[in-house]
Structure formats: structure tokens, C-alpha cells
Amino acid sequence: MILKSKDLLLKKTKVMFKKIIILSIFSLFMLVLPSISKSDSTTLYANEKVADPSGLTTGTVSDIPAAKAGEPTAGEVATAVGHNKISINLVWLLLCGFLVFFMQAGFALVETGFTRAKNVAHTMAMNLFVYPAGMLAFYVCGFAIMFGGVGALATLGGYDGLNSEVSFTLFGHAFGLFGTKGFFMNGIYDVAVLGFFVFQVVFMDAAATIPTGAMAERWKFASFAVFGFFVGGIIYPLYGNWVWGGGWLAQLGSNFGLGHGHIDFAGSSVVHLTGGVLAFVGAKMLGARIGKYNKDGSPNAIPGHNIPMAVLGSLILAFGWFGFNSGSTLSGTDLRFAVVAFNTMIASCGGALVATLWMWFVRGNKPDVSMMCNGLLAGLVAITAPCAFVSPAGALIIGLISGALVVEAAFFVEKKLKIDDPVGAIAVHGANGIWGVLALGLFADGTYGDGLNGIAGNVKGLFYGCPGQFGAEFIGAATNIIFVGASGWLVFKFLDVIIGNRVTPDVELLGLDVPEMGTEGYSGIKMDKNSETPLSR
Amino acid sequence: MKKIEAIIRTAKFEEVKIELKKIGIDFFSYWEANGVGNEIMREHHSYRGTVYDTQYIPRIFITIVLRDINVEKTVNCIEKIAFTGEVGDGMIFIYTIDESVRISNGTRGDESTIGPGDFKK
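Order-wise, the sequence lines are chains A and B. So in the numbering used here, spot 375 of the first sequence is number 375, and the numbers just go up one at a time. So in the numbering used here, spot 58 of the second sequence is number 58, and the numbers just go up one at a time.
Among the hints, erroneous ones may be present.
Unchecked claim - Straight-line alpha carbon distances no greater than 30 Å define the calculated DSS-like cross-link-like pairs of lysine-lysine that follow:
no.: 1; chain 1: B; residue 1: Lys22; chain 2: A; residue 2: Lys526
no.: 2; chain 1: A; residue 1: Lys366; chain 2: B; residue 2: Lys2
no.: 3; chain 1: A; residue 1: Lys181; chain 2: A; residue 2: Lys295
no.: 4; chain 1: A; residue 1: Lys526; chain 2: B; residue 2: Lys80
Claimed, not checked - If you anchor each label on the Cβ, the simulated ranges turn out as follows:
no.: 5; chain 1: A; residue 1: Thr333; chain 2: B; residue 2: Tyr52; range: 52 to 62 Å
no.: 6; chain 1: A; residue 1: Leu28; chain 2: B; residue 2: Tyr30; range: 50 to 60 Å
no.: 7; chain 1: A; residue 1: Asp7; chain 2: B; residue 2: Ile97; range: 34 to 44 Å
no.: 8; chain 1: B; residue 1: Glu14; chain 2: A; residue 2: Glu408; range: 40 to 50 Å
Everything labelled a hint here was simulated from the structure, so no lab data went into it. Please read all numbers here as calculations on a predicted model, not as lab measurements. Every residue gets a Cβ at the ideal spot worked out from N, C-alpha and C, and that includes glycine.
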């Protein structure tokens with residue numbers, strides 16, 4: 001036995017020596033190689049530009065396209081400057097769009113973290129599938145309905161192919177209803193439009209994925225899949241057209257003198273309230289999860305299976321939100337985006353701070369982690385609409401209020417309305433979506449927004465002397481609740497009749513993963529499935 | 001030859017393991033067990049503002065098979081270390097074992113409770 005171990009030791013030493021020799025040859029090679037290539041470059045490319053390690057001399061007059069190289073005319077310089085401006089805008093737009101796309105990961109993690117281990121594959125799959133389903137519907141008809149009549153894309157070069165809005169005239173005023181240019185992206189093969197499409201698709205995905213959280217752990221996947229097409233293709237684009245596509249809510253200002261009309265900078269109403277209202281209607285129609293409520297109506301806690309996952313998801317969402325809000329300038333040369341980024345940051349911190357303290361000292365006795373996450377997102381949802389129009393102090397106030405609002409709304413939904421919302425989507429996106437647009441109508445400070453929706457002058461809220469703006473915001477929020485609520489109800493009712501919305505009770509008790517998706521999310525890990533479902537008493 | 005089964009607090013397990021090693025019990029089996037009982041909950045769970053009780057009490061379940069001469073010191077050791085004086089400290093059970101076989105070297109009875117290379121005991 002001793003001999004054996006001695007042999008082993010000898011063998012090990014030999015292998016180690018071999019490794020050391022290979023490593024030293026490799027590092028010698030790495031040291032010698034750069035000096036060889038260096039001597040090459042001096043001899044071969046002596047006539048070319050010298051290397052520029054400090055980055056100070058790269059990019060000169062010779063980089064401006066000109067008929068006579070190195071001596072551009074004033075016109076050629078101006079063209080290059082204009083091209084660069086639009087390039088910067090498009091780069092900013094797409095970069096922010098990619099950030100927003102990453103929010104899809106955040107939504108998936110938050111929702112799955114707050115649900116039980118037996119339903120993770122199902123919840124994750126919903127969050128992924130909403131992307132292809134919604135995207136396809138947006139490509140087929142959503143984009144055309146939403147932006148088919150938006151007009152020239154001013155910050156992206158002014159291409160005006162999207163020029164066909166259907167509207168009806170009432171009392172001498174035109175009411176834009178929906179666009180009709182660009183079904184299947186036909187006839188708008190243009191860099192600006194396709195870049196714009198990418199940016200808008202990820203916003204639509206955010207709206208479509210919100211209901212999957214509130215309806216998690218009991219929603220039939222087939223029903224959800226069809227629902228994704230309806231949201232991406234019809235419900236979201238219609239309301240979006242009214243606000244962002246030049247529709248009648250945006251025209252409230254020019255038609256009725258209500259400030260600048262309904263303004264929603266990055267989507268508190270268009271994206272989040274739409275998602276929140278759909279979540280509300282859907283969760284109400286599905287009913288509570290088995291075991292959520294006792295016979296006397298008091299709720300039971302159904303703790304999420306992975307709090308670290310939910311926290312990570314919330315932080316990913318907060319990160320992506322910088323793209324969501326700052327990118328909505330649609331312009332990398334509109335420097336207001338720095339203010340937007342600041343406001344986004346401070347409001348989210350305010351929301352998380354107050355939600356935590358509110359749970360700790362007012363509504364409970366512990367700084368509840370899930371509410372901390374909800375508070376962070378609540379502040380972000382609330383600042384989404386006003387982020388470009390309010391002062392830093394205004395943003396902080398909006399965030400602080402959203403923190404208390406999200407806790408109270410969550411309690412109201414759970415204990416009074418008896419609607420089971422596992423992740424708090426209704427409180428976060430619904431309640432704070434409303435608060436976001438109303439806050440714009442209150443706190444807009446008149447330093448930005450000249451010419452928005454065709455109205456001269458900056459956007460001012462109620463506190464800065466423009467009650468009409470608040471009126472327009474109120475009408476916008478009310479319209480969203482009524483329209484999205486009603487159309488959402490219709491879609492869910494339709495799906496209930498043809499497919500059925502809810503899984504059977506035994507599937508729900510066993511977990512949706514295997515019956516719905518075919519495999520467990522955590523295959524090979526033992527779970528006590530019974531202990532996860534509280535008994536209704 | 002006896003078998004000792006002990007149900008102890010999860011928080012006491014590491015301490016018990018170290019003390020058992022000191023008196024010469026080098027190997028034993030354990031698993032995580034859940035119990036239901038009348039333990040007074042010191043910390044209530046709360047999630048999203050709703051207070052709830054977990055439906056189980058986590059404990060560690062230890063099984064040791066040893067020669068008769070080792071039983072008393074082992075039991076005393078566990079009893080001393082796992083003690084807090086509050087409800088829920090656990091239980092120790094002692095059984096008589098008829099026969100045992102160590103699969104690796106075929107030894108039986110008392111001899112089989114001594115591991116290979118373990119000549120001290």
C-alpha cells in the first residue's frame with residue numbers, strides 16, 4: 001500500500017513537470033511574438049498612418065466623405081455632421097432597445113422566483129414564449145396599427161413612410177383611431193423604421209409579459225399562447241396608437257386645449273397600465289390558486305420558492321429600465337436623457353426605500369424582501385411616464401409615494417378584492433401605472449417638451465399652472481382601464497370558451513410543469529409538493 | 001451490540017459531531033428529519049405581510065451502531081451537548097442489534113462495528 005502511494009506520487013510529479021514545461025514554452029512564445037509583429041509593422045506599413053494608442057489623432061478631415069479627399073466643401077461637412085447625428089440617435093435607440101430586451105430576463109426571474117418550485121418550467125416558458133408570439137403579432141399587424149400613421153420619424157432622419165392614420169371626425173375634430181401602413185412591414189423597408197420596430201417590440205413584450213406573473217401557477221399554456229398574439233397584435237397597439245402613434249389621446253391638446261394631450265414619455269400607461277389592467281382582469285377571471293384563501297376569506301401566504309432569483313430579476317429590470325426611459329428620447333443627441341436617467345434612478349430608490357420601511361413599521365414588522373423588490377419596480381413604473389418632464393425633487397417625491405402605494409395596493413388587491421396575484425403585478429404595474437401618468441399631470445415643471453404632439457411650449461403640470469394637462473392624463477388613464485379592461489375581458493372570455501383558461505385542480509396541486517410542459521423545472525431535485533400548498537381552513 | 005438513534009436540533013448537529021469524534025465515534029449515518037409537534041414558534045414567518053407557520057420542525061436524525069461498552073459514554077455525550085433546556089431538544093433511543101455484517105471485509109458482530117484501519121478501539 002505504501003509502495004503504491006509512492007508510485008502515484010512519482011507519476012503526479014512527472015505530470016506536473018510536463019505541465020510546467022508546456023506552460024513556460026507557451027509564455028515564452030507570448031513574450032516573443034509581439035516583438036516580431038512589431039518589427040514587421042514598421043517595415044511593411046511605413047507609409048501608412050502611425051499607430052494611435054492614446055486615441056487623440058484617429059478621425060480627421062480625411063474621414064469625411066468628399067469628392068476631393070481631405071478637402072471637403074462646407075456642404076459635404078454639413079452632410080457628414082447630419083449623418084453622424086442620425087447615426088448617434090439610431091445607435092442610442094438600438095442600444096437602449098437591447099437593454100429593454102434584457103428586461104425580459106428580469107421579468108422571467110422575478111415571476112419565477114415568486115412562484116413555487118413545482119411550476120417553474122411553466123412560468124419561465126410563459127415569459128419566453130411571449131417574446132416570439134408577441135413579436136410575430138406585432139410584425140403581422142401590431143406595428144401597422146400602432147405606428148402606421150405616426151408620420152415622419154423626426155429624430156431618425158425624417159422618413160415619412162408611416163403616413164396613414166384612420167380617424168373619424170366628430171364636432172369638427174379629427175380622432176385618430178389606428179394606423180394602416182406597414183402590415184407585415186410592407187413598403188417600409190427603411191433603416192429608421194426597422195430600428196424603430198426593434199425598439200418598440202421590446203416595449204410591447206414588457207406589457208404582454210406582465211399578466212403572466214399575476215396569472216402564474218394556474219393558467220393553461222395553450223390559452224396563454226393565443227393570448228400573446230391578441231396582446232401584441234391588437235390590444236397593446238390600439239391603445240399605443242392613441243398615445244404614441246398620433247391617435248386621439250395625443251390629439252386631446254390640439255383638439256380640446258388640454259395641455260399637450262395625453263403624454264406618456266416611456267410608457268407608464270401604454271406599457272405598464274395596459275399590462276396591469278390585463279393582469280387584473282385575467283387574475284380575477286382565473287380565480288385564486290388552490291389554498292390561497294380560507295373559508296372566512298382570509299388569505300394564506302404562499303411563499304415564492306427562490307427569493308435570490310426574484311431579487312436578481314428585480315435588479316436586472318432596474319438595469320434595463322435605464323434603456324426603457326432614457327431611450328425613449330428616440331435620440332442620442334437630445335441630452336435630456338441624462339435627466340431622464342437621473343430621475344429613473346432616484347425614483348426607483350425612493351420606491352424601494354418607502355416600500356421597505358412601510359412593510360417594516362406600518363403594515364408589518366419585517367422588511368419584507370418581496371415587497372422591497374415590488375417597491376423598486378413600483379418607483380420605476382411610476383417615473384416611466386414623467387421621467388423627462390419632472391425635476392429631480394419631483395422624481396423623488398413620485399418615487400417615495402409609489403413605495404407606499406404599491407404596498408397598500410397589494411394589500412387592497414389581496415385582502416379586499418380577494419384577487420390572487422402571486423407576484424404583485426397589479427399593484428406594481430396597474431396602480432403605479434395610473435400614478436405615473438397622473439404624476440406627470442401634477443409635477444411636469446415646464447422645462448422640456450416644446451412642440452410635443454404639435455403644441456408649442458413646454459409641458460407643465462397642475463402644480464406649475466396647467467390643469468388641462470392633468471385632465472388629459474386622467475382621461476388617458478381612464479381610457480386605458482376601460483378599453484384594455486373590456487377588450488381583455490373579451491379575449492379571456494373567448495379563450496375560456498374555446499380552450500379553457502385554467503388547469504384542472506389535480507394538475508394545479510401536482511404542479512403545472514409535467515402536465516403542461518412535459519418536464520420538471522428542477523428535474524432530479526426532491527420537492528415536498530404537498531407542503532407547498534396551504535390547506536384552506 | 002446496540003443501536004443509538006438520536007433526534008437533535010439542527011443547530012446542535014455540528015457540535016455533537018465534533019464531540020462524538022473526540023470520544024472515538026468516527027462514523028455514523030444521519031439524515032434531515034421533519035417533525036410535527038408542540039414547539040412554541042420563536043420566530044413567525046411572514047411573506048408579503050401575511051404571517052404563517054411552517055408545517056414542519058426541522059431536526060437531525062442520527063443513527064450509530066456500536067459495541068455495548070461504548071453506549072453509555074456516547075449517550076451521555078449526546079445528552080450533554082444537545083441540551084438547551086427548552087421544549088424540542090429531542091430524544092435518544094437505544095436498541096439491541098441481533099447481528100451486523102461489514103460488507104467490505106465480511107466481519108460480523110462486534111468486530112464489524114470497527115472500521116478498517118481503526119485499530120485503537
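Status of each hint after checking the structure:
For a cut-off of 30 Å, the pair hint linking B:Lys22 to A:Lys526 is broken: about 34 Å separates their Cα positions. Restraint check for A:Lys366 and B:Lys2: not satisfied, since their Cα atoms lie roughly 48 Å apart, outside the 30 Å limit. The suggested pairing of A:Lys181 with A:Lys295 is violated, with an alpha-carbon distance near 54 Å, which exceeds 30 Å. With a CA separation close to 34 Å, the supplied pair A:Lys526 and B:Lys80 exceeds the 30 Å bound.
Look at A:Thr333 against B:Tyr52: about 54 Å separates their beta carbons, and that is inside 52 to 62 Å. One distance hint, 50 to 60 Å for the beta-carbon pair A:Leu28 and B:Tyr30, holds here, with the actual separation near 53 Å. At roughly 41 Å, the beta-carbon separation of A:Asp7 and B:Ile97 lies within the given 34 to 44 Å, and the hint holds. Our hint of 40 to 50 Å for B:Glu14 and A:Glu408 holds, since their Cβ atoms are close to 44 Å apart.
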